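Line order of the protein sequences matches chains A and B. Residue numbering for the first sequence is 65 to 321, as defined by the working numbering. Residue numbering for the second sequence is 65 to 321, as defined by the working numbering.
Everything labelled a hint here was simulated from the structure, so no lab data went into it. Some hints could be false.
The list cannot tell twin chains apart, which means a pair is met if one copy fits it or any two copies do.
Below, simulated SDA-like cross-link-like pairs (lysine to any residue); rule was C-alpha separation at most 25 Å, straight line [as the list claims (entries may be wrong)]:
#  : residue 1 : residue 2
1  : Lys142    : Leu88
2  : Lys315    : Gln131
3  : Lys142    : Leu319
4  : Lys155    : Gly231
5  : Lys315    : Ala233
6  : Lys142    : Thr268
7  : Lys142    : Gln212
8  : Lys315    : Ala176
9  : Lys155    : Asp318
10 : Lys315    : Leu158
11 : Lys209    : Arg304
12 : Lys315    : Leu102
13 : Lys142    : Asp103
14 : Lys209    : Glu316
15 : Lys142    : Thr70
16 : Lys315    : Met160
17 : Lys142    : Gln269
18 : Lys142    : Lys155
19 : Lys315    : Glu128
20 : Lys142    : Thr291
21 : Lys142    : Leu102
22 : Lys209    : Glu307
23 : Lys142    : Leu254
24 : Lys315    : Asn236
Bear in mind that the values here come from a model prediction, so they are computed numbers and not experimental data.
There are 2 protein chains.
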Amino acid sequence: MTEPLTLTPLPSIPLIQPGDDLGLIIQQAITRAGINLLDGDIIVIAQKIVSKSEGRLVNLRTVEPSQRAIELACATEKDPRITELVLQESKEILRMRPRTVIVEHRLGFVCANAGIDHSNVRGEGDEREEWVLLLPEDPDASARKIRQELEGIYRIRWGVMIIDSHGRAWRNGTTGVAIGLSGLPGLVDLRGHPDLFGYVLQITQVGAADELAAGASLIMGQAAEATPVVHVRGFPYPLRESELSELLRPKEMDLFR
Amino acid sequence: MTEPLTLTPLPSIPLIQPGDDLGLIIQQAITRAGINLLDGDIIVIAQKIVSKSEGRLVNLRTVEPSQRAIELACATEKDPRITELVLQESKEILRMRPRTVIVEHRLGFVCANAGIDHSNVRGEGDEREEWVLLLPEDPDASARKIRQELEGIYRIRWGVMIIDSHGRAWRNGTTGVAIGLSGLPGLVDLRGHPDLFGYVLQITQVGAADELAAGASLIMGQAAEATPVVHVRGFPYPLRESELSELLRPKEMDLFR
């Protein structure tokens, strides 16, 4: 019988503050959950707590909008300080409509508003609405760092993935996607594997990390920060070194840019 | 502690033939797997076995390509009989490039080659390469029929989803997506739910069924038909009546058409 895929939210992750040691916090949560880690297990982490631990909060009062940001704000009915940050975090604007700017993020993926988040963010005092949260500086590096810390403790091989929720072309609703990877494949290439009848499949590249990100995002939920870390057992492909870029289609290969 | 999400492939599903009773076959597999079904469980089914059971195999020798199909075949280096079927199964061609036509399927979603599948399909005799498999006529209805059959046997409430693997804009690799739904929400609307600090979230619509489809697709794998049915426990949202259309963005709302 094929092994099940089991996604278990780790309980009682505290509210994360800038400077917090996420590796340590995750290790404590694994211990509390009584999970007996196995070689090949994966930890999936919501972007928000990684960004917070890395101090990616920005006080909007410190942001001076450029002329271009003011024009973008007018065109999209957004706060010009936020459009300034969107521009700083992006390589290119792909589309815009009221309250939404679709960009190619400096990290290479396409997403709305450069992944800048207003909700569930609190700065100093009670003035949460004046603070926003940027994505991690380098999510692959963040994942690698947490993985190295955990592998140092547990002496097993595993994968770490940082995910965010992105909108999509053509379909309603956000889904979880990988934004940083360490130790698990982003893509799994099934080209050349024989199918049940012995024929060789023409081409199938599976976005395995994104499929896992979506499943983990489902069980994390969205309305609370209560379960930002998910333990995964039963990922069906061999672990290997990887980086997010394998999941990102080059612009010149994309029919929908 | 939050419940885990567990996705268990049902073992020993036989090769499906036209006319097979999928509800009965799934019930037998659930029994064999020794799963004690609970209210709120979900069954996820790969499109291929639904299409086969519904006799959606087409012998390419019976297909007479139209002039338009021949032109499309020239432009895309595809078999004109297949492009004829792609045209018959589609409302509109969005993009094309060698060996790929991106269409709005008559079922409303955007996908490559109208979801017509060459691999893992065998017709009469050994001439598999002459047969292709179309998507189910009405996957929502297929899901509803299987659900009704299973609810008649088990007397519990659950959801049934039919999934396929689609490519995406911007990112490499296919991911599982819903193409037919019965009894589980496609979208979950978190607008208006307070976050951890008591603020009301601006807008979050989660593509919950697609997130589950991706997770189920991950554990089904792609290179074999061995595990086309997955049992899901721990879906974190209430079940309700639904249909695929809630997941499909209307063309006029789509910035990437």
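Hints versus structure:
1. Lys142 with Leu88: This pair counts as neither: shortest intra-copy Cα distance 38 Å, inter-copy 54 Å.
2. Lys315 with Gln131: For Lys315 and Gln131, neither the intra-copy (27 Å) nor the inter-copy (33 Å) Cα distance is at most 25 Å.
3. Lys142 with Leu319: Intra 29 Å, inter 18 Å, cutoff 25 Å: inter-copy only.
4. Lys155 with Gly231: both (18 Å within a copy, 24 Å between copies)
5. Lys315 with Ala233: both (15 Å within a copy, 10 Å between copies)
6. Lys142 with Thr268: between (41 Å within a copy, 17 Å between copies)
7. Lys142 with Gln212: neither (40 Å within a copy, 47 Å between copies)
8. Lys315 with Ala176: Both. Shortest intra-copy (17 Å) and inter-copy (19 Å) distances satisfy the 25 Å Cα cut-off.
9. Lys155 with Asp318: Classified as both; 16 Å inside a copy, 22 Å across copies.
10. Lys315 with Leu158: Answer is both: 11 Å inside a copy and 18 Å across each meet the 25 Å cutoff.
11. Lys209 with Arg304: within (16 Å within a copy, 42 Å between copies)
12. Lys315 with Leu102: Neither. Shortest intra-copy (38 Å) and inter-copy (46 Å) distances fail the 25 Å Cα cut-off.
13. Lys142 with Asp103: neither (47 Å within a copy, 44 Å between copies)
14. Lys209 with Glu316: neither (32 Å within a copy, 44 Å between copies)
15. Lys142 with Thr70: Neither: 40 Å inside a chain and 40 Å across chains, both beyond 25 Å.
16. Lys315 with Met160: Both: 18 Å inside a chain and 16 Å across chains, each within 25 Å.
17. Lys142 with Gln269: between (38 Å within a copy, 20 Å between copies)
18. Lys142 with Lys155: within (19 Å within a copy, 36 Å between copies)
19. Lys315 with Glu128: For Lys315 and Glu128, neither the intra-copy (31 Å) nor the inter-copy (37 Å) Cα distance is at most 25 Å.
20. Lys142 with Thr291: neither (30 Å within a copy, 47 Å between copies)
21. Lys142 with Leu102: neither (47 Å within a copy, 46 Å between copies)
22. Lys209 with Glu307: within (13 Å within a copy, 43 Å between copies)
23. Lys142 with Leu254: between (44 Å within a copy, 21 Å between copies)
24. Lys315 with Asn236: Classified as both; 23 Å inside a copy, 11 Å across copies.
Checked against the numbered hints given earlier, this structure breaks hints 1, 2, 7, 12, 13, 14, 15, 19, 20, 21; the rest are met.
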